[in-house]
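Colleague: Listed here are the chains, written in short residue letters.
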Amino acid sequence: MDQSVAIQETLAEGEYCIIAVQGVLCEGDSRQSRLLGLVRYRLEHGGQEYALFLYMHRRMAITGDDVSLDQIVPVSRDFTLEEVSPDGEVYILGLISGFLCAGSDVTVQLNTAELNLVFQLPFGSHTRMFLQEVARACPGLDPETPNPEFLWLSRYRCTEPEPPPPGWNSALGTWTGCARIGGGGSYLDDLRPNGKGLLVDQNSRGHDKPDNLLTRQTKSRSEMNDMIRCSTITVSDKAHILSMQKFGLRDTIVKSHLMQKEEDYTNIQNFRFFVGTYNVNGQSPKECLRPWLSHSTQAPDVYCVGFQELDLSKEAFFFHDTPKEEEWFKVVSESLHPDAKYAKVKLIRLVGIMLLLYVKQEHAAHVSEVEAETVGTGIMGRMGNKGGVAIRFQFHNTSICVVNSHLAAHTEEYERRNQDYKDICSRMQFCQVDPSLPPLTISKHDVILWLGDLNYRIEELDVEKVKKLIEEKAFQTLHAYDQLKIQVAAKAVFEGFTEGELTFQPTYKYDTGSDEWDTSEKCRAPAWCDRILWKGKNITQLSYQSHMALKTSDHKPVSSEFDIGVRVKDEDLYRKTLEEIVRSLDKMENANIPSVSLSKREFCFQDVKYMQLQVESFTILNGQVPCQFEFINKPDEESYCKPWLNVNPSRGFLLPESSIEIELEVFVNKTMATKLNSGEDKIEDILVLHLDRGKDYFLSVSGNYLPGCFGTPIHTLCYMREPILDLPLETVRELTLMPLCTEDGGSQLEKPMEIPKELWMMVDYLYRNAVQQEDLFQQPGLRLEFEKIRDSLDTGMIDTLDILSINNHSVAEALLLFLESLPEPVICYSAYHNCLECSGNYTASKQVISTLPTFHRNVFYYLMAFLQELLKNSEKNHLDQNILASIFGSLLLRNPAGHQKLEMAEKKKAQEFIHQFLCNSL
Amino acid sequence: MAKQYDVLFRLLLIGDSGVGKTCLLCRFTDNEFHSSHISTIGVDFKMKTIEVDGIKVRIQIWDWLSTAGTQRGQERYQTITKQYYRRAQGIFLVYDISSERSYQHIMKWVSDVDEYAPEGVQKILIGNKADEEQKRQVGREQGQQLAKEYGMDFYETSACTNLNIKESFTRLTELVLQAHRKELDGLRTRASNELVLAELEEDESKPEGPVNSSKSCWC
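If you read the sequences in order, they're chains A and B. Residues 1 to 922 in UniProt numbering are what the first sequence lists, from first letter to last. Residues 1 to 219 in UniProt numbering are what the second sequence lists, from first letter to last.
You can trust all of the hints, since none of them are fake.
What follows is a list of derived Cβ distance ranges for each label pair:
id : chain 1 : residue 1 : chain 2 : residue 2 : range
1  : B       : E167      : A       : A365      : 26 to 36 Å
2  : A       : K576      : B       : R101      : 36 to 46 Å
3  : B       : E115      : A       : A365      : 45 to 55 Å
4  : B       : E115      : A       : L737      : 30 to 40 Å
5  : A       : K576      : B       : A179      : 28 to 38 Å
6  : A       : E326      : B       : E167      : 58 to 68 Å
7  : A       : P643      : B       : D114      : 27 to 37 Å
8  : A       : P896      : B       : R101      : 48 to 58 Å
9  : B       : E115      : A       : P643      : 23 to 33 Å
10 : A       : L585      : B       : E167      : 20 to 30 Å
11 : B       : E167      : A       : V118      : 46 to 56 Å
12 : B       : E167      : A       : K444      : 40 to 50 Å
Just a few of them, taken from the derived set where beta-carbon distance is under 10 Å, the chain A residues facing chain B:
id : residue
13 : R250
14 : L578
15 : L585
16 : K587
17 : E602
18 : E684
19 : V688
20 : Y697
21 : S700
These are calculated hints, taken from the structure and not from any lab test. Model, not experiment: these values are computed from the prediction. Note that the Cβ used here is the ideal one computed from N, Cα and C, for glycine as well.
For reference, chain A alone in the conformation it holds in the complex (with noise of 0.2 Å):
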């Protein structure tokens, strides 16, 4: 029953009841219940606002007469309303012994700044919508989203003269404290069930008016529905996030392979299944239901017991209670079979079809996922007079669903009881586990077991036709008469349901306390309105029989045992299925780890040259899985690969079976040079291949480096008698480790040289040839030359520049090329500061020159000589000292800090000083 109906009709116009729901307000030990409304106010200017309407009620509410305001929840930022106790464990199950309340099922808390309410709503569908539709009406975190003022709430303020609560403006309709109120105010007015005059707009009501009753209905429901279907999961959406159940999407996975798989791992095992019926005609239990229950010798594994007309008082109908069903709960708990125990697994009522379920102990464990859900088609097709009640469950690996119904009455009304089938069919819809899940239908279940006072009648015979046709036990004539046989044989209802052969009589209509058929004025013609069908598979009846021994009712109970075969898991061939699972998931999950092949792993470098630029290339190509790669550095180094080498690119990304080129480019300078001369460094390096979630590759690369006179310091060469890649390794690199200061440690070694040769070879060609070069020093050289020029110099090829005529600017490079690469400058660094404080001091300037090494004294001079020469001839080769002093100041003085760059004033100095010799007489 929807009553939001009965609220509808309290509130004004702009304001809609989206949804209601009856529940118990507990507090402390005290248990009231209230109608909780949903209420949408639709703002002037634009947007919406909601509150909660909290009524004391009559207890079923279907006029605005039978509710009256308790308090008003605005929804507010900090409303919210959660489930506190998930009902995940539904089947926590009662023993006979101990009686479960039914009903109250999802406890909530309600919670804004002030308040703090504990509500208790029925289990079911209805509930579930209920709270998905508060969360919607949650205002979001949006700070763009002005704070909801409730101004329209302000009419509900008592109109009577008292002092205004705390919290709210006195001011009608002018709420300045508005931000307090939409933190959670809750208007506790002095509403009592008498406070009608808060219950403004009392004109609207339509209680006399069932047909626009019904119109505003229909037209609420659709809207409703509407609103289900663009329903999306928001983050604000509680309620919805506070059913759910995360799985790791690889459980997920797992899930729904192991239910393609069932058949692998489950075995079809038979259960006794007990189904009943009984129309009690509003009676209360006068006698021990066991000849109905317990008749037969094996206990049922399962009991499905299912009662109409529990009730038949106006208030069972109007009201959601009734003292009934605890007694008839009680006595049929009572009369189950005496062999075994069993726990009530649900309980579900409306009005007065009720439905019980029960199960062996034993079995309780197996029960699972239980739903229950009523749908009335009653008057105006929703009221629970008539209609019907479900319970689903698994029980093991089956899914079973039991339906009550009590169908139209009335011979003549057979396309009615067609009709309420159909309305219970569709109209039943019980939530999933997972929410996201669509709900599950009558239809969507292994087993259907369906019971009821289904109503039909036997038609066309005249009542004593009927009943002689009884007394002769002329059933079979008697089908033929049957509506229910009729229609379903005329597809008109009941679809692939089966039903047993009816050998027992008419349960229908007899006198209460007796077994004689109606003697009343109406003269009913007997029927068999209590019936039980089945659909499914595996599912064999064993009886299907009335109990005239019961006579407290004017109909018989009807009962049906049956076996039915459910899947039950087998432990070890489920584990091994899931192993199975397992393995093949973790199979492509290791097939989806990028993997590449590379088209060569180890690279040599041969005769490595100073500023040569080697470069070996080699091809990724990807596997079935898109990956990313990159050259990762390897343990405690800061890059990924030594600093002559390369790699381009380094990082990239491939699609499934591409390819890429990566070249290796091997280049050495001068930082790297003399290094590589002593040996302390070597042409070898490992390169990490990382494949993003993926493995990583090892590249070798290795290769030798031929030594040379660029990066080699002064002194060195000048032991170097002969030319450099004349020399063992082994020489070169004592040689080249030799410390500086060793004015005369080489006695054991030849006499040296005054300069090296190689300056030498580069100073006379330019002398011979360059010196009245234009813009020499100015002009870069040839790459090919240089390349022949440090081959001629290492060799010790003098010739081989001449007989080549080299360019004069290719030699002028690498003379300063030659100059830059010396690890030790012509000045020394420690002589560097020395030297910038005493520029333009000529004499101070040639003591520091005077202290330093023979050697890069000899070359200091040599090379100012030489300039100096240059300078002779500036007319033809447009140099100047300025130009000079620029370009080898930098070079012959260095700051010992590296290659940090140098001031300007620094600069300066480093010219002035050089200009000092380039003007001066040496």
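Start from chain A and add chain B according to the hints.
Modeller: Quick look at chain B alone, frame taken from chain A:
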């Protein structure tokens, strides 16, 4: 429903080249065996999910080879490969029962483990190629003796005949689980470096090494 969690462990296969580490791995993870020997130059891993004591354990098994043979080659790669020790919670020390030499080298491998692997790392000794009885150079009791010396469990396995593969991998996983019992119990509250919640696992499964990071960041 109790919160489900996975535990991720890293296990490492070490031993001389050619003892069949990659074969052991393939047999265990994919139940496949390829007799042809392809040298792994680099580091490879595979994932496997097993259940131990009702706990779903995802193990990432790392396999590497330090070049085909030469001592010099081994040394060159050592500086790199030692980094992989740091991430391991369990180590398989593998020799080949038909190679006395690979058995002798276990000592060297153990000393590497002692030097580079984290404290409390679990070890297990594997004598692989148990199917090649006619070529046997290392007796079963020799293996047991060595394992006893180092306080390790010992298995003779065959990737070829699938002997003791699952057993040895499961055993090492159990040992690691036991060693990390405490952290495991505290798993609900926090995830330590060794024990990784399933949700975080994706980010953790790579040996991260951003090029620009100045620290050594392989672990």
